[in-house]
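**Student:** Letter by letter, the chains look like this.
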Amino acid sequence: MRHNSETVYVHCEVLKAEYNVTHLGGFLFRLNAASMSTTALYNDHGGAEAAVEAGLESTPTSSGSTGAAFGLFSADFKKNEDLKEMLESNKESLKLEAMKRVVGLIAKGKNASELFPAVVKNVASKNIELKKLVYVYLVRYAEEQQDLALLSISTFQRALKEPNQFIRASALRVLSSIRVPIIVPIMMLAIKEAAADMSPYVRKTSAHAIQKLYSLDPDQKEQLIEVIEKLLKDKSTLVAGSVVVAFEEVCPDRIDLIHKNYRKLCNLLVDVEEWGQVVIISMLTRYARTQFTSPWKEGASFEENNEKAFYASDSEEKSERTEAEAYVMDPDHRLLLRNTKPLLQSRNTAVVMSVAQLYWHLAPRHEVNLVTKSLVRLLRSHREVQYIVLQNIATMSIQRKGMFEPYMKSFYVRSTDATHIKTLKLEILTNLANEANISTILREFQTYVKSQDKAFAAATIQAIGRCATNISEVTDTCLNGLVLLLSNRDETVVAESVVVIKKLLQTQPTQHSEIIKHMAKLFDNITVSMARASILWLMGEYCDRVPKIAPDVLRKMAKSFTAEEDIVKLQTVNLAAKLYLTNSKQTKLLTQYILNLGKYDQSYDIRDRTRFIRQLIVPNEKSGALNKYARRILLAPKPAPVLESAFKDRDRYQLGTLSHSLNSKASGYQELSDWPAVAPDQSVRNVEVVEPVQEWAPSVGKTKKLKSDDKFYSDNEEEKAEEESESSEGSSSSSSSSSGESSSESEEQSSEESDKTSSDSGKSSSGSEETSSGSDSQQKKKKKTKKAPQKKSKTAAASSDSDENGNGPVVKDSSSSDESSSGSEDDSDSDAAAAPTTQQQKKSDRKPGPKVKSEVEVSLLDLVDFSPAPTNAPKGPVVSPSLLSDLEGLSLSNTSSTMQVTAPSFGPVKTYELLHHMTGKGLSAKYHFPRQPCLHQPGMVAVQVTLSNGSDRSLEEIHVGDRSPASLNIHCFNTIERLEPEASVTVSMGIDFSDSTQAANFQLCTKEDGFSVSIQPAVGELLMPSSLSEQDFSREQGKLLGMNETSATVAMATANASSQAVKQRVLSVANVGEVPSGQDVAHSSGRGSR
Amino acid sequence: MIHSLFLINHSGDIFLEKHWKSVISRSVCDYFFEAKEKAAEPENVAPVLQTPHHYLITIYRGKLFFLSVVQTEAPPLFVIEFLHRVADIFQDYFGECSESVIKDNVVTVYELLEEMLDNGFPLATESNVLKEMIRPPTILRSVVNTLTGTWSNVGDTLPTGQLSNIPWRRAGVKYTNNEAYFDVIEEIDAIVDKSGTTVCAEIQGVIEACVRLTGMPDLTLSFMNPRLLDDVSFHPCVRFKRWESERALSFIPPDGNFTLMNYHVSSQNLVALPVYVKQSISFFDSGPCGRLDITVGPKQTMGKTVEALMVTIHMPKAVLSANLTATQGSYTYDLATKVLVWDIGKLNPQKLPNLKGSLSLQAGAPKPEDNPSLNIDLKIQQMAISGLKVSRLEMFGEKYKPFKGVKYLTKAGKFQVRT
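Line order of the protein sequences matches chains P and X. The letter at position 492 of the first sequence is residue 492 when you use the working numbering, and the numbering goes up by one with no holes. The letter at position 349 of the second sequence is residue 349 when you use the working numbering, and the numbering goes up by one with no holes.
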């Protein structure tokens, strides 16, 4: 049998040789064949083999037993001996029993490697438990017994082809865990195959195997990256986490691999298993930092303004327009924030923490507060969790006090907390201290100072010191408190107090001589060297304030000098020098005595210092110019120390990381890059197959939000639409914010289709409009002009005006005709509104969740179709009522005028904050000027107010209350009986601003409360577009000078100062129409008096 | 991520090691032992330690240290959470998580650890999934095993949960008695100061469920007053969207025992503490002795009895012994740990329990600086102190009628009275 096992070795030798010369494929084949035959051999001779080997092994034992020292080992051998026998028996149960014992040995960390040959034979066992245990053994010892381990490879290769996915996966797991370099090619092949396996579980295993292979042989990197790239595309939630781990380990810098998968990862995130979520979130944090622009950059004041706007809208309605000029968050950036938010409710603390750090590093400042509650919740978890979370909160609370201030009490210390938890809580409480809460915190600190845990008490004193320096109001109180502590019986407490008092006195060295005197009296009783040194330093520094005491202290020190600690000696020398300079009469001799003592001290630091001081203060012939400045050198005013948090500079590390926890860079830590100044190309994240936008709209069924989400996208979609497919169908061209659904449909076909539908469904009059506008847009498509859709519609509208008004101002005095026309318009209007609705329904299969259309959506959609309408409408200028008029049953009346009021041209709609949900106890309101003639009274300006309920209970009876000035003429909206949580409703109001820009103040009331709000119109909003010929325009212009002039500067880059662009800008600030003009000057007409 | 795991007992013996990547010598634990020496109490050992080449992340649970070795950057909470999950699984499998139990079941433990991590990254941490792969030891099986030795503890098919998107539930669950029980357990965390005023008080709640239902039931649990809940975290089975929109818990439950949700009651609601404590502990300058007098009385118990009342005091080191008389219950004073425990039991409102007597101090030792604080333990059955009430439990997806039950319990969490 000895011979047999030798053959095995021979086989392996041969194999190695072959490996060197033969082709890879050949190798695999041979290896298979060879090892199979050996296993067969083993199985055949199982019994005999055992007997022989037993005999062989026993020989060294018996020979070695002569020495007593070997006794121990021999026992071990004996034990393993019977294991070997059991393993080689024919009985499954014995084998299993043996393997269990072997695993027991491994678990205890005992060496069981000599059993390798006996164990490895069982790798092909039918008994699954036995097999698993053999796997455990193999993985543990394969590295040590590489040659023998090769014998098992064929078994795994066979198992990789098993129909049972579980077997396939575990085979791959073990195969890849065997750290034998020679099988790298086999592993590579297996990984590649498994990456394409049907079963996601096997693919997941292959992702793990990638890392194992990489750590075994980093040269395989390139090939492995290919596999990673492939697996990243995988749509299974099971694979996502594991492949990201592999990505992070193998090629964290290949950020380009993520682009195409970014949106998919974001959307899968919620369904990925919790551990995968953690790694994906932290990887995406890093990714986002390289791809998006900073949401914090704006100037402080600007941010203040936005803060409210943002905050009010959890639902991202947050007025894309308001920020359009300054900062628009990339929709992908928003997508990430939105999809991670629900994970704050995870039971897994690591997930919550990773979301928190994501918000901290990526979210606009005011949104970070979302995570506070969840982080505080984690404090209820295990001690170790608390430790990490508190560390992170400590770092956060330095920068953002406000985040945690409401939860201050959660950081109160309990006597049962572990010391490191206590100090962290203390740190946080100190960070949170401000003028308002300092008294509470100090009261709390008073309890802590008395704690039995003296280390903690000392830390508390430090904390009091920090509060005292940070908040000047309490400095004196703190100082007095600390002085009281000086009479404490515990030495560490006293010492710490002295040190802190010293620092405090230094920051404000005014009339505190009493305290210094007090400390001098205590000096004899204090033994802690640091405290003694501090007192000495104080004496020296303020010796002019305690002229009598200081020399006496020096006298005492001269006596005890030799017995002091180094640090005390140094301060004694300092004190002596300072006193010598200020009060040489009394202290000259003492100083010389001390300097002499110091000269012969054992410590060379002290000898050095003594020599230096002597030269500096005692004038002699050798001392140079410095002598003159001795006083200025030693008694120079010293800057006060700044008491800072130990967590101050921890924010350089990404929160939640090991590096942050240790405050030093851990190996493999990936720096979080700074935001790029300019965002890299966004289109890299577009997936080739044009995905409908809806697909990456949240799968979360928050129906209420859905609408606003789309809104959000539509904003950026405009740019994208241009790039992608020039889809400018009539309905979507005037891109109002709500047209997101339609404008985001970038497939031309569908747009044409929808054109048809809309034209079919229209009535005769509106139908013709629609068709024409449809054909219009098709023409444009052919031309492939790269204009923003809105501009097109605007030009169209303007040109139609010119056609009609070519003969001069058309005067339509009779209000009745206006009425009728508007009436008929209403019909066509609603039809037009119906058209896109059907379109939407057609598309709605793409869109998850039911669609809730609020009124604003309808009205805006309606306008979408409406604004280009006058282009071909034979009726002439049209007043555009919104569907609201139908809804509210109000008749439309317009005043006659010499000038015709035209349809408002659509510029971007700016939304303003009316009521913030924090101040409004959950009720938030925003308003915008729809730029339509007011339906209620001609002189009024129409305002649309969107009310939303951000609280968790429903609000009742929302109505407009008192107004000021009392004369203010407001057409209120009807009282809203009930507004459910998370719901929002849009109402329209009319306000007569009397042509002034004075703010209209009124109260917005709910059943319980009233909130004062005010609407301040911009001048541009008080205007109303009218159509004029150029002549009329100049004539009217002549009349309107002086008081009626309002000028504003519109900033504009000269590069794009095309007339189109100018109009665009002008439109964005004022509600005006365009006057056709031959000149290069753009005129805008607007009627001031309404 | 996680390289190796060492299990270390209270006295510092490594009794189990497991490596998921290459083998790391157990000498790496010496750094931990060093830190453990420095920190007097095992609780005070910092959970994250740095050694020249490795990072050690430790949790301390059930008098055992779970020490994991990490070589590169990894979120510490990730590791800590995982280690706790391991301990939870042990508890689930063996009923407790102690050294002896782990040693007795070392093979099962090893198999579990093998399945839970692959290359240091968690593979299966759901107890349901694991139980399909590795069957927990039962008395029956161990008997059969010793007799025949053939019954395998290991399954050979991939657990259904591992692939489905509800990994927490296995397919084909069958019960003759279908039942679903929910325990609403609330804990009061409070600090009461010397004068009896509440410094801070919060209520944390948890809903523990025990669901034994056949098939794939889809449950909806709704509350009478969900607005009380300020902050919540859920078992992954709970549909977050439904919670957002309706404030109801909708879920397909795991089989067996699990924690459905944790919640925090909004801090605006003032917490009514169920008991008050009158205490006076004083040490005299004159002689080596002190006095102790504690009375506990009911405050706001809403007609329910306070049970399992217990007062624990960590005495200053100088206190040698206590000579006390209790009008109700019994007290013990552990000389080694200096912990005084007064086990009162049921609180009788008519006759308030009182503990009174003298404390003797070590001769010559200075009078203790401050008075020790009191930790209160109590239980109130059939009441959730926040007033949270489950309104109904509905089941969809299955035809049978399950037996349903909800139990309420209020406990003291970290209830501390400063003196």
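Read the hints as simulated data drawn from the structure, not as lab findings. Treat the numbers as computed from the prediction; the structure is a model and nothing was measured. Where a beta carbon is used, it is the ideal one built from N, C-alpha and C, also for glycine. Please note: incorrect hints may appear among the correct ones.
Among the chain X residues that face chain P by a calculated CB cut under 10 Å, a handful are [what the hints assert, rightly or not]:
#, residue
1, Phe82
2, Leu83
3, Phe223
4, Arg247
5, Asp370
6, Tyr408
**Student:** For each hint, tell me whether it holds in the structure or not.
**Tutor:** How the hints compare with the structure:
1. Phe82: holds (8 Å)
2. Leu83: Nearest chain P Cβ about 8 Å off; hint holds.
3. Phe223: Since the shortest Cβ distance to chain P is 13 Å, the answer is violated.
4. Arg247: holds (8 Å)
5. Asp370: holds (4 Å)
6. Tyr408: violated (19 Å)
This entry does not satisfy hints 3 and 6, going by the numbered hints stated previously.
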